[in-house]
Amino acid sequence: MSTTTLDTSTAVTDQTPAASPARKVRRRGERGLAASFTSHGILIVASLIALFPVAWLVFLSLGPDKDDYLHPGRIFGRMTFDNYVFVLRETKFFDWLMSTLIVSLGTTAIGVLIAATTGYAVSRMRFPGYKRFMWVLLVTQMFPIAVLIVPMYEIMSELQLIDSYLGLILVYCSTAVPYSAWLLKGYFDTIPFEIDEAGRVDGLTPFGTFARLILPLAKPGLAVAAFYNFITAFGEVAFASQFMLDDTKYTFAVGLQSFISEHDAQRNLMAATAVLIAVPVSAFFYLVQKNLVTGLTAGGTKG
Amino acid sequence: MTVAIDRATGKRRGGREPRPGPLQRLKHAYHKYWYAYAMIAPVVVVLGVLVMYPLVRGFYLTLTDANSLNSARRIGVNHIDATYKFIGLDNYADILWGPTAYDRFWSHFIWTIVWTVVCVALHYAIGLGLALLLNQKLRGRTLYRLILVLPWAVPTFVTVFGWRFMLADGGVINSALEALHLPAPLWLEDPFWQRTAAIMVNTWCGVPFMMLSLLGGLQSIDSALYEAAEMDGASAWQRFRHVTLPGLRPVGSTVVLLGVIWTFNQFAIIFLLFGDTAPDAQILVTWAYYLGFGQQPRDYAQSATYGVLLLSLLIVFTSVYRRWLARGEQQLAI
Chain A
1 MSTTTLDTST
11 AVTDQTPAAS
21 PARKVRRRGE
31 RGLAASFTSH
41 GILIVASLIA
51 LFPVAWLVFL
61 SLGPDKDDYL
71 HPGRIFGRMT
81 FDNYVFVLRE
91 TKFFDWLMST
101 LIVSLGTTAI
111 GVLIAATTGY
121 AVSRMRFPGY
131 KRFMWVLLVT
141 QMFPIAVLIV
151 PMYEIMSELQ
161 LIDSYLGLIL
171 VYCSTAVPYS
181 AWLLKGYFDT
191 IPFEIDEAGR
201 VDGLTPFGTF
211 ARLILPLAKP
221 GLAVAAFYNF
231 ITAFGEVAFA
241 SQFMLDDTKY
251 TFAVGLQSFI
261 SEHDAQRNLM
271 AATAVLIAVP
281 VSAFFYLVQK
291 NLVTGLTAGG
301 TKG
Chain B
1 MTVAIDRATG
11 KRRGGREPRP
21 GPLQRLKHAY
31 HKYWYAYAMI
41 APVVVVLGVL
51 VMYPLVRGFY
61 LTLTDANSLN
71 SARRIGVNHI
81 DATYKFIGLD
91 NYADILWGPT
101 AYDRFWSHFI
111 WTIVWTVVCV
121 ALHYAIGLGL
131 ALLLNQKLRG
141 RTLYRLILVL
151 PWAVPTFVTV
161 FGWRFMLADG
171 GVINSALEAL
181 HLPAPLWLED
191 PFWQRTAAIM
201 VNTWCGVPFM
211 MLSLLGGLQS
221 IDSALYEAAE
231 MDGASAWQRF
241 RHVTLPGLRP
251 VGSTVVLLGV
261 IWTFNQFAII
271 FLLFGDTAPD
281 AQILVTWAYY
291 LGFGQQPRDY
301 AQSATYGVLL
311 LSLLIVFTSV
321 YRRWLARGEQ
331 QLAI
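Heads up: the protein sequence lines correspond to chains A and B, in order. Here the UniProt record's numbering is used: the first residue of the first sequence is 1, the next is one more, and so on. Here the UniProt record's numbering is used: the first residue of the second sequence is 1, the next is one more, and so on.
Because the hints were derived from the structure by calculation, they are not lab data. Small disclaimer: the values here were computed from a predicted structure and weren't measured. Fair warning: there could be bad hints in the mix.
[Stated by the list, open to error] Some chain B residues near chain A, calculated using beta-carbon distances under 7 Å: (1) T156; (2) L182; (3) P183; (4) P185; (5) V285.
[To be verified] Taking lysine to aspartate or glutamate and the EDC-like style, the derived pairs with C-alpha atoms no more than 20 Å apart in a straight line are: (6) K85(B) to D247(A); (7) K32(B) to E197(A); (8) K85(B) to D65(B); (9) K219(A) to E194(A); (10) K219(A) to D247(A); (11) K66(A) to E90(A); (12) K66(A) to E230(B); (13) K137(B) to E230(B); (14) K92(A) to D247(A).
Every residue, glycine too, gets a C-beta built ideally from N, C-alpha and C.
Just need the whole structure built from these sequences, with the hints factored in.
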């Protein structure tokens, strides 16, 4: 895309300068060489800063010794995938993968299923209590974990849901549900109202309009909300650290900590695990990131 | 049964009828809106059970002296009942102006404010700068964007450990600083440098979101405005000041609000970067967590009190922010 725009701009400028040869005519959006260099320079530096910590983690994961992070020079001579083999074979990596997936997918499914009709209702209908309801949805999204963690811990212990997947899923739903409703409202707002009206003219009830017309159109929005729920649950640290006791039920966010909170810090194994966790999530993130940003910011309400 | 679709104006169509009695109004409202209520019912129920009930219960805990020694608990097969008692507002008084309140609350409070302001300012400034650079015609723009998003793409709990390796004494950052004959601070031990390190890592993690949102905002500004400004002889700075910045306000005000909320509530970075080793670098959220779960005996009541105070702060801030925006006839996108 960028190459085509570049081509046209140069093609046009080639024809113009004949008129005033002394003064270089610059088209709008074009810059001098120095400005171009500065832009590229800043962007390259910024890219390096963005890239380096991640690249460093990958690099350290190849070093065989747990203190190699202090002597990175040594790693070059003896790069090996032994850490990865060890993590996959000897640690509880697959247990953690399992529990992370159960908790994240459970949260995702419940969050989106419950929130879908609400997102539609607040996008299309105005009812008494609408403003108050939107306010509640907004406020629940900004709950600091400190507000809920203590009472949740008490309630979950009473229900004997500590150290159970269901307990953690329920806790995550307290943020995932309002958040999904909010995101979905934003997406439903972008679907033309005419479609609803057409459905109504054809005699569909509001529920029918939602289920038959809007829901199929809203699949991308549902996907974004689902993905957002997934990464939020995936990366949550505070609740998972307290509510999961058995080390086979740890999510990745807790399991990764256990490498250094034990008596000796196995940093090389930790780095390898970190890379194994990061690769699939990041890959998936890149697939949907564009929709995610629009969903988060433009998913707005007027009034 | 008419449908209450009203194109986001929120106003009822038609003129105002004489006000009927309350019972009639209730019945009328039920007939008119029952499907709207039916549709939001699942979320209302979930919020009631999963948010309101714990919130009320948490608020009750703040009025007691509950800790892990007097709460209901189970040792083996024996169930021990809760023995904590009601003490009124003592927890609030103790936190806000009790003995050593400065060390326990106000020092963390000031640091939390500094942390939020500095982080959001850095996020916004760097994010806007990069967004402006990426908004030009530039070779390799897509590639730059993909690389710059990386800190957001990788889960925070992973990258924080990468930073921890880098910042450790003898790690790559200090080695580099020493090679350049610069002082090598103790990033993970000294209170001042702990705070600097926390801000640094959070800035690194938070810039991509700001950058992408602001880039979206920049691209939505009508280019005719720039042409008109240029025709009127506006300099580059004037175009930025009077076209770009006002054009960014709808997106900008939303991302700043989100940024403030997220940074204020940021748990993972400080918790994972320092663990229990940095009492001075704890913001209120991580400090409340430490009180409730990081020490023995666990002080549930005080931890919950911090939670309630934090939530009140955020609600006050959000209300003031929204009102302040509404005064300038700005519609917040959230």
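For a quick check of understanding: which of the numbered hints are violated here, in increasing order?
2, 3, 4, 6, 10, 12
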